[in-house]
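Residue numbers (this note's numbering): 109 to 717.
I should point out that these hints are in silico values taken from the structure, not numbers from a laboratory. Worth double-checking, as some hints may not be accurate.
Stated by the list, open to error - Each computed DSS-like pair below joins lysine-lysine, with the alpha-carbon atoms no more than 27 Å apart:
no.	residue 1	residue 2
1	K265	K332
2	K388	K400
3	K707	K657
4	K417	K462
5	K417	K400
6	K683	K657
7	K462	K388
8	K445	K462
9	K445	K388
10	K462	K400
11	K218	K183
12	K683	K707
13	K388	K423
14	K212	K334
15	K462	K423
16	K215	K332
Stated by the list, open to error - Pair ranges (Cβ atoms, derived):
no.	residue 1	residue 2	range
17	Q578	K707	38 to 46 Å
18	E394	P277	43 to 51 Å
19	T325	K212	14 to 22 Å
20	I266	V161	39 to 47 Å
21	R420	K265	50 to 58 Å
22	F305	E672	34 to 42 Å
23	L664	M623	15 to 23 Å
24	R211	V342	24 to 32 Å
25	E679	V243	25 to 33 Å
26	E394	K218	48 to 56 Å
Where a beta carbon is used, it is the ideal one built from N, C-alpha and C, also for glycine.
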Amino acid sequence: TSLYLYNSSVSCHRTSLYLYNTSVSCHKARLSLYNTFSRYRASKWTHPLSTTVVNVIVSEGCRSLGDVMRDLDGKGVIRSDFVLLHGDTVANLQLLPILEYHRKLQKQDKGAAMTLLYKETGLRPKSHALEEETVLGTSTATGRVLFHQKLSHSTKKINFPLEMFLDEPEVQLLYSLQDTDICICSPAVPPLFSDNFDFQTRDDLIRGLLVDDEILTSTIYWYKLKSSEYAARVRNWPIHDVIHRWAYPLVPDLSLDNSDDPYIFLRRHVYRQRSATLCKGCDLEEDVVLAKGTVVGENTQITRSVIGKNCRIGKNCDIADSYIWNNVVIEDGCCVKFSVVGEGCVLSQGVHLKDGCVLGPGVIIPPVQSFLGLRIVSHSITELKKIGPKAVMVLAVNKDVDSEDEQEGPRVSGLTLVGEEEGEDSSESSDQLSTSSDLSYRASPVPDDTSLFFNEVMDSLSRGYDDKLQCDNLVLEINSSRYAYNVTVQEVNYHVVRALVSLPSPDNYWGQLRMQLGYFLPILVNYIRNQQAQEDCLQALEEVATSRKELRDSLLKLLHLLYEQEILGEEAILKWHSSPDLDDPAATPLRNTVEPFIKWLQEADEESD
Numbered sequence: 109t110s111l112y113l114y115n116s117s118v119s120c121h122r123t124s125l126y127l128y129n130t131s132v133s134c135h136k137a138r139l140s141l142y143n144t145f146s147r148y149r150a151s152k153w154t155h156p157l158s159t160t161v162v163n164v165i166v167s168e169g170c171r172s173l174g175d176v177m178r179d180l181d182g183k184g185v186i187r188s189d190f191v192l193l194h195g196d197t198v199a200n201l202q203l204l205p206i207l208e209y210h211r212k213l214q215k216q217d218k219g220a221a222m223t224l225l226y227k228e229t230g231l232r233p234k235s236h237a238l239e240e241e242t243v244l245g246t247s248t249a250t251g252r253v254l255f256h257q258k259l260s261h262s263t264k265k266i267n268f269p270l271e272m273f274l275d276e277p278e279v280q281l282l283y284s285l286q287d288t289d290i291c292i293c294s295p296a297v298p299p300l301f302s303d304n305f306d307f308q309t310r311d312d313l314i315r316g317l318l319v320d321d322e323i324l325t326s327t328i329y330w331y332k333l334k335s336s337e338y339a340a341r342v343r344n345w346p347i348h349d350v351i352h353r354w355a356y357p358l359v360p361d362l363s364l365d366n367s368d369d370p371y372i373f374l375r376r377h378v379y380r381q382r383s384a385t386l387c388k389g390c391d392l393e394e395d396v397v398l399a400k401g402t403v404v405g406e407n408t409q410i411t412r413s414v415i416g417k418n419c420r421i422g423k424n425c426d427i428a429d430s431y432i433w434n435n436v437v438i439e440d441g442c443c444v445k446f447s448v449v450g451e452g453c454v455l456s457q458g459v460h461l462k463d464g465c466v467l468g469p470g471v472i473i474p475p476v477q478s479f480l481g482l483r484i485v486s487h488s489i490t491e492l493k494k495i496g497p498k499a500v501m502v503l504a505v506n507k508d509v510d511s512e513d514e515q516e517g518p519r520v521s522g523l524t525l526v527g528e529e530e531g532e533d534s535s536e537s538s539d540q541l542s543t544s545s546d547l548s549y550r551a552s553p554v555p556d557d558t559s560l561f562f563n564e565v566m567d568s569l570s571r572g573y574d575d576k577l578q579c580d581n582l583v584l585e586i587n588s589s590r591y592a593y594n595v596t597v598q599e600v601n602y603h604v605v606r607a608l609v610s611l612p613s614p615d616n617y618w619g620q621l622r623m624q625l626g627y628f629l630p631i632l633v634n635y636i637r638n639q640q641a642q643e644d645c646l647q648a649l650e651e652v653a654t655s656r657k658e659l660r661d662s663l664l665k666l667l668h669l670l671y672e673q674e675i676l677g678e679e680a681i682l683k684w685h686s687s688p689d690l691d692d693p694a695a696t697p698l699r700n701t702v703e704p705f706i707k708w709l710q711e712a713d714e715e716s717d
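Put together the whole structure using the sequences plus the hints.
Printed below as a string of structure tokens:
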């Protein structure tokens with residue numbers, strides 16, 4: 109993770125740029141430091157006459173923005189106003205006028221801590237992903253932010269606090285805004301993170317300041333970018349797209365890196381370097397970037413895609429909504445849709461990649477293969493299913509975005525991003541491959557961060573039960589761990605339940621579990637709040653029960669207890685019972701053990717009818 113902090117001092121005309129790289133291991137820290145210096149060694153910032161001082165900070169212990177702010181506060185680095193933005197930000201705006209606007213606000217309001225930057229979108233571009241939709245309530249007179257809520261996929265209504273309307277003569281409610289994730293911060297912001305260890309993200313800080321404004325005595329304001337200005341974080345594949353010129357002048361045809369062979373800007377947002385070759389009958393429909401040295405064969409159709417340098421694309425190919433890196437060979441009759449093809453890959457004749465396939469560098473796909481939503485690497489130290497001599501399949505899991513406020517699944521970002529989980533046996537049949545890719549995350553090894561999160565939850569619950577800590581405090585600990593390890597809401601539900609049923613020892617398992625569940629009931633109530641969360645809970649119970657006999661023998665009583673405590677509903681239990689995983693030999697026998705409880709539920713439902 110990279111965070112940029114601009115610490116500007118107008119009086120001495122010097123600007124300090126802090127590049128904050130966070131890594132989880134010494135090896136990654138060294139690689140991150142090397143990559144950072146390699147990237148900026150030739151930058152204009154390193155010129156002797158440059159007024160920018162670049163400071164690179166690499167920290168292993170920082171896993172979130174909150175950790176970074178606390179680390180900076182401890183070092184005493186920030187002593188004046190600064191601009192906070194992420195390393196994946198693309199922008200064409202002038203920061204100095206915005207910084208001056210923030211300082212003007214500080215003269216009027218000594219408690220002004222942050223100024224949030226927003227872009228008015230109107231008709232939203234593709235980059236305005238669902239996780240960026242924000243409802244903002246502001247004071248019309250002062251521009252102070254009174255309400256801030258990010259909307260999730262399933263949000264149906266919004267509750268506004270009554271005090272917001274009572275305390276202000278006029279309130280502005282804004283929805284057509286794109287959050288740039290850039291903010292101007294006062295020197296008071298790092299200490300706010302230090303004083304509140306549950307603040308892990310910028311949104312945590314905003315929420316805390318708005319809810320507890322009387323306690324923290326700090327206020328937030330907002331600034332709307334000009335119509336000619338643009339800023340966005342590259343947090344999903346469509347936002348990589350500068351084809352529609354939202355970030356002008358940051359567009360391909362004005363790039364100084366290609367001065368020897370500039371891009372030609374054509375109709376329908378097609379960009380082509382002069383040395384790219386188009387054969388007879390090929391069609392570049394719309395939103396296409398074609399780099400130098402690339403050859404496109406006859407009757408090939410390309411739309412909404414980026415093609416790298418020195419690629420060879422054969423005849424009668426169909427490429428749509430995809431990213432093709434440099435030196436890729438795509439032979440005749442291939443179809444690539446909603447996919448990413450890494451550098452140096454070879455797609456032999458008749459290969460079909462669809463629905464979010466991601467190929468690592470150097471992959472060679474044998475002829476006439478079809479894949480849906482898979483990650484494929486050229487080699488692996490793990491024994492995985494081989495597709496060819498340089499093609500190893502890995503199960504694809506969407507980890508593109510994370511819902512913070514609602515218990516919901518991943519949102520669609522245009523392309524499916526994938527993790528490092530191992531896959532199942534493959535088949536040349538695209539239907540069978542699609543079925544394999546739909547396996548839930550419990551069927552694959554737990555990623556490192558998720559494993560660390562589970563261990564911390566186990567530690568928190570074990571210590572909390574032994575020391576009789578308040579469940580509210582334990583919830584705060586779990587939420588802090590969640591932000592630190594960047595796990596999804598569904599994974600939190602899953603691993604909290606998994607940890608709860610893993611705590612008791614084999615001796616008198618049910619007796620211990622019943623007592624612990626009675627103590628931890630507020631935690632279950634906090635996390636298992638809707639239908640999706642109940643499905644996560646049942647999935648965790650099934651996972652542990654298949655590997656632990658004590659829980660398997662107690663599962664009937666446990667389901668009855670959770671039903672009586674209104675943690676699990678009848679609908680969720682019956683749905684889980686009626687839909688076993690046919691590929692899991694333990695799924696059906698496990699459901700047979702709870703058959704008496706299921707019959708009791710069904711009979712009670714019939715009597716009620």
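We went through each hint and held it up to the structure:
1. Note on K265 and K332: the hinted pairing holds, with a Cα-Cα distance of about 25 Å set against a maximum of 27 Å.
2. Between the alpha carbons of K388 and K400 the distance comes to roughly 18 Å, so the proposed pair stays at or under 27 Å and holds.
3. Restraint check for K707 and K657: satisfied, since their Cα atoms lie roughly 23 Å apart, inside the 27 Å limit.
4. As the CA atoms of K417 and K462 are separated by approximately 22 Å, the hinted pair is consistent with the 27 Å bound.
5. In summary, the hint linking K417 to K400 is supported, as the alpha carbons are separated by about 5 Å, within the 27 Å threshold.
6. Straight-line distance between C-alpha atoms of K683 and K657 comes to about 23 Å, which keeps the hinted pair within the 27 Å bound.
7. Restraint check for K462 and K388: the C-alpha separation of about 26 Å stays at or below 27 Å, so the hint holds.
8. Taking the CA atoms of K445 and K462, the gap is about 5 Å. The hint holds against a cut of 27 Å.
9. As the CA atoms of K445 and K388 are separated by approximately 22 Å, the hinted pair is consistent with the 27 Å bound.
10. With a CA separation close to 26 Å, the supplied pair K462 and K400 stays within the 27 Å bound.
11. Distance restraint check for K218 and K183: the Cα-Cα separation of roughly 24 Å lies within the 27 Å cut-off, and the hinted pair is therefore satisfied.
12. For the given pair, K683 sits about 13 Å from K707 by alpha-carbon distance, which is consistent with the 27 Å threshold.
13. A C-alpha spacing of about 10 Å is found between K388 and K423, which places the hinted pair at or below 27 Å, so the restraint holds.
14. Only pairs whose Cα atoms come within 27 Å are accepted, and K212 paired with K334 is accepted, the gap being roughly 18 Å.
15. With a CA separation close to 19 Å, the supplied pair K462 and K423 stays within the 27 Å bound.
16. Under the criterion of a C-alpha separation no larger than 27 Å, the hint pairing K215 with K332 is consistent with the structure, at around 20 Å.
17. With their beta carbons about 39 Å apart, Q578 and K707 fall inside the hinted range of 38 to 46 Å.
18. A hinted range of 43 to 51 Å for the beta carbons of E394 and P277 is consistent with their spacing of about 48 Å.
19. One distance hint, 14 to 22 Å for the beta-carbon pair T325 and K212, holds here, with the actual separation near 20 Å.
20. Between I266 and V161 the C-beta distance comes to about 44 Å, which sits within the given range of 39 to 47 Å.
21. Checked against the given bound of 50 to 58 Å, the beta carbons of R420 and K265, roughly 54 Å apart, stay inside it.
22. Distance hint check for F305 and E672: the Cβ-Cβ separation is about 36 Å, which falls inside the suggested range of 34 to 42 Å.
23. One distance hint, 15 to 23 Å for the beta-carbon pair L664 and M623, holds here, with the actual separation near 18 Å.
24. The hint said 24 to 32 Å for the Cβ distance between R211 and V342, and at roughly 29 Å that hint holds.
25. Against the hinted window of 25 to 33 Å, the Cβ-Cβ separation of E679 and V243 comes to about 31 Å, which satisfies the hint.
26. A hinted range of 48 to 56 Å holds for the C-beta pair E394 and K218, which are about 52 Å apart.
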